[in-house]
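Participant: Below are the chains, spelled out letter by letter.
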Amino acid sequence: MKILLLGIGNLLFGDEGIGVHFINYIGEKYRFEGEPKIDLVDGGTLAQRLIPIIVEYDHVIIVDTINAPGVQAGEVYFFDFDAIPDTVDWQGSAHEVEMLQTLNMMDLAGDRPTTMIMGVVPTVIEATEFSLSEGVAAAVPLMEKTLLHYLKSMGIDAVKKAEVDIQAILPNSYRVLDAYCI
Amino acid sequence: MGNRRVVIDPITRIEGHLRIEVEVDENNVVQKAYSSSTLWRGIELILKGRDPRDAGLMAQRICGVCTYSHYKAGVEAVENALGVEAPYNARLVRSLLNESLYMHDHVVHFYHLHGLDWVDVVSALSADPAKASKLAFKYSDSPIATGTDELTAVQKRVKEFVDKGQLGPFANAYWGNGTYKFSPEQNLIALSHYLKALEVQRVAAQMFAIFGAKQPHPQSLVVGGVTCVRDILSPTRLAQWKEKYKIVKDFIDRAYQADIIMAAEAYGTEETVLGGVGVKNFLAADAFMLNRTENLFQSGYIKNGDLSQVYDIDDMKIEEDVTHAWYKGTTPLQPYDGVTDPEYTGFIDGDTVNGEAKIIDETQKYSWVKAPRYDGEAMEVGPLSCLLVNYARGNKKVQNEVGAFLKRTGLPVGALFTTLGRTAARMLQTKLISDNAIITFNSLVENIKSDDSTYTKFEINPDKEYTGRFIGEVPRGTLSHWVRIKNGLIENYQAVVPTTWNAGPMDGNGTIGPYEASLVGLKLEDPAKPLEVLRVIHSFDPCMSCSVHVMDMKGVELSEFKVTPMSSGAAC
Numbered sequence: 001m002k003i004l005l006l007g008i009g010n011l012l013f014g015d016e017g018i019g020v021h022f023i024n025y026i027g028e029k030y031r032f033e034g035e036p037k038i039d040l041v042d043g044g045t046l047a048q049r050l051i052p053i054i055v056e057y058d059h060v061i062i063v064d065t066i067n068a069p070g071v072q073a074g075e076v077y078f079f080d081f082d083a084i085p086d087t088v089d090w091q092g093s094a095h096e097v098e099m100l101q102t103l104n105m106m107d108l109a110g111d112r113p114t115t116m117i118m119g120v121v122p123t124v125i126e127a128t129e130f131s132l133s134e135g136v137a138a139a140v141p142l143m144e145k146t147l148l149h150y151l152k153s154m155g156i157d158a159v160k161k162a163e164v165d166i167q168a169i170l171p172n173s174y175r176v177l178d179a180y181c182i
Numbered sequence: 001m002g003n004r005r006v007v008i009d010p011i012t013r014i015e016g017h018l019r020i021e022v023e024v025d026e027n028n029v030v031q032k033a034y035s036s037s038t039l040w041r042g043i044e045l046i047l048k049g050r051d052p053r054d055a056g057l058m059a060q061r062i063c064g065v066c067t068y069s070h071y072k073a074g075v076e077a078v079e080n081a082l083g084v085e086a087p088y089n090a091r092l093v094r095s096l097l098n099e100s101l102y103m104h105d106h107v108v109h110f111y112h113l114h115g116l117d118w119v120d121v122v123s124a125l126s127a128d129p130a131k132a133s134k135l136a137f138k139y140s141d142s143p144i145a146t147g148t149d150e151l152t153a154v155q156k157r158v159k160e161f162v163d164k165g166q167l168g169p170f171a172n173a174y175w176g177n178g179t180y181k182f183s184p185e186q187n188l189i190a191l192s193h194y195l196k197a198l199e200v201q202r203v204a205a206q207m208f209a210i211f212g213a214k215q216p217h218p219q220s221l222v223v224g225g226v227t228c229v230r231d232i233l234s235p236t237r238l239a240q241w242k243e244k245y246k247i248v249k250d251f252i253d254r255a256y257q258a259d260i261i262m263a264a265e266a267y268g269t270e271e272t273v274l275g276g277v278g279v280k281n282f283l284a285a286d287a288f289m290l291n292r293t294e295n296l297f298q299s300g301y302i303k304n305g306d307l308s309q310v311y312d313i314d315d316m317k318i319e320e321d322v323t324h325a326w327y328k329g330t331t332p333l334q335p336y337d338g339v340t341d342p343e344y345t346g347f348i349d350g351d352t353v354n355g356e357a358k359i360i361d362e363t364q365k366y367s368w369v370k371a372p373r374y375d376g377e378a379m380e381v382g383p384l385s386c387l388l389v390n391y392a393r394g395n396k397k398v399q400n401e402v403g404a405f406l407k408r409t410g411l412p413v414g415a416l417f418t419t420l421g422r423t424a425a426r427m428l429q430t431k432l433i434s435d436n437a438i439i440t441f442n443s444l445v446e447n448i449k450s451d452d453s454t455y456t457k458f459e460i461n462p463d464k465e466y467t468g469r470f471i472g473e474v475p476r477g478t479l480s481h482w483v484r485i486k487n488g489l490i491e492n493y494q495a496v497v498p499t500t501w502n503a504g505p506m507d508g509n510g511t512i513g514p515y516e517a518s519l520v521g522l523k524l525e526d527p528a529k530p531l532e533v534l535r536v537i538h539s540f541d542p543c544m545s546c547s548v549h550v551m552d553m554k555g556v557e558l559s560e561f562k563v564t565p566m567s568s569g570a571a572c
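In the order they appear, the protein sequences are chains A and B. Position 122 of the first sequence, counting from 1, maps to 122 under my numbering, and the rest follow consecutively. Position 318 of the second sequence, counting from 1, maps to 318 under my numbering, and the rest follow consecutively.
For reference, chain A alone in the conformation it holds in the complex (with noise of 0.2 Å):
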């Protein structure tokens, strides 16, 4: 049993890299020990390019921005993909090939894996710089929590291995190796 953890987003653009930032400062800040094993990666926003990679792993999850009617800035969303209703009207965003896309492109290919989706809401992602607004900034606790318990409940534990500061490796979050090579 493989797991991916799967940060999404551009960097370039302030709140909008959270989901690759955030999948940076986990792997900068733990280890982890147990069954099964966990890779991390910075899918930048490849959205379908991905999918080459998605399907190597038996469980994926995915961490991105995410909008919808009612939300605000900073709060933390974690769900099943399948359980989003099948109403769910995600044509005509502004981002047509998108994650949500290509998970559903693999539907109809019949191999997505397990997908669960952490979600934070952005608010600055127009400036272009690597930053993150305080609102995201103050979530990173809560989605570290969120995403550290639902590891556990899979077996997996995270050995704190270095004090880290998510602000101090914004700067280089751009030449982060990632740990997947093919």
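Hints listed in this document are in silico derivations from the structure and should not be mistaken for laboratory results. One thing to keep in mind: the hints can contain errors.
Covered stretches of chain A (chain B as the covering partner; in silico rule of three or more C-beta atoms under 8 Å from a C-beta of chain B) [claimed, not checked]: (1) 8-16; (2) 38-45; (3) 50-63; (4) 73-84; (5) 108-117.
Backbone N, C-alpha and C define an ideal beta-carbon position, used for all residues, glycine too.
Given chain A's structure and the hints, the job is docking chain B onto it.
Facilitator: Structure of chain B alone, referenced to chain A:
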């Protein structure tokens, strides 16, 4: 009755965000068209003041598709500035990576983004699989994924998917539009290839990763060379590349090529795909090193569709105009001196076929995309430009491939200057690349027997000022990156990307770009279902180059999934 405005926003099945507005007359013929990228793109700003050795790594984040294209462009622009030449092995590896990228990218574009403009999935569900299986031999001597059993299975699988009510990737098409021309059986063949392509694209991504170190976000290029030394020197890795290459090439030969021949036959008399080249100037750069003396494609430009004369490119004649783009200023600037200073003015209230709405004010600024010009003229870039420039140059490989296609389909050379021609050109370019990538590969294998160098040392003198550029071909067309280095740091950086050449707004002289010009004269069957517009615009392979990525869960009540400090321990 005056013209009526049709707003299509967003254009679906593309990478990024694009808005098209057209004005149609009483016969639904497009009189004017406006193209607008509505997402801010400010990559240039984040590179200022950075170490030039990082330009490639940062530039690759511009885009969610062509990470490698911008990575390579960033590295090679800096090499050009510093006067560094990477060793032969390194240049071959970069070429191999580019070849892998094209083979991946064009297949994905045709099948998963553009294909549904030609293929009516609903119609495929009523096809006779046995008849379709036989028909497939008309377009290929050894068709792939078209056995009767396989086609029956495809039909069943897609039907179940559609019946669930989740159209997913098939939504936002305009099923049943009268300009779909495939028979149910032809639709089924193409649909089966759509699914097969989902599998094959994985192999293509793996092929890329062998020398790219990883995918996404390759890491194996540095200023001065490449770092994938052990991969190059490993017979196992080389053999893996060849294995995967064969699988992808096989699909290109037996499915992609066959489907375009089928499309040429079915759509050869469909008027709405036989126009669509409004700007008849085409520009292309050198690409794909095969060995020390030969590139697969050569650079140049042609004007007014005249294939009898090709001109050499003079870098300094490239400029970007922002008269109608959301940036300050009106003077066209050469990219070395380019400025990216935002000035957003938004939309205005207006009438559309769907009532009152916010619309583009074409007399003002209306897009985040700048308008690149060559010697003051709009140019189309992309696979069609590459083929036309090389055809005109007398490139034998291109002439033979294009000639064979025209002969097989019975189309005249003039058919290349159309939407159908643009889509066919992408396949022909992919075919040429897949046929010739093995030459690059063999050159590498031959050279490493006696030469293992992969890196050239260099220095950056902080007291010197450097300027350099990369101009090359990437899947969407001609890409250039321009860098000015001062005090050892990047002082100015500009990326002139293929989509800006094609999608840019009107310039200060009132000259419109390829997207806008390609739509004028197009007749829409039903302005409420503008499939014809999508087909024309998709044929360019739009990519708005600044990928912002937010999961947009419209219509979903998310509150039950909200995590709070109280609930986080018990979540799920």
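Participant: For which of the previously enumerated hints does the structure constitute a violation, in increasing order of number?
Facilitator: No numbers; nothing is violated.
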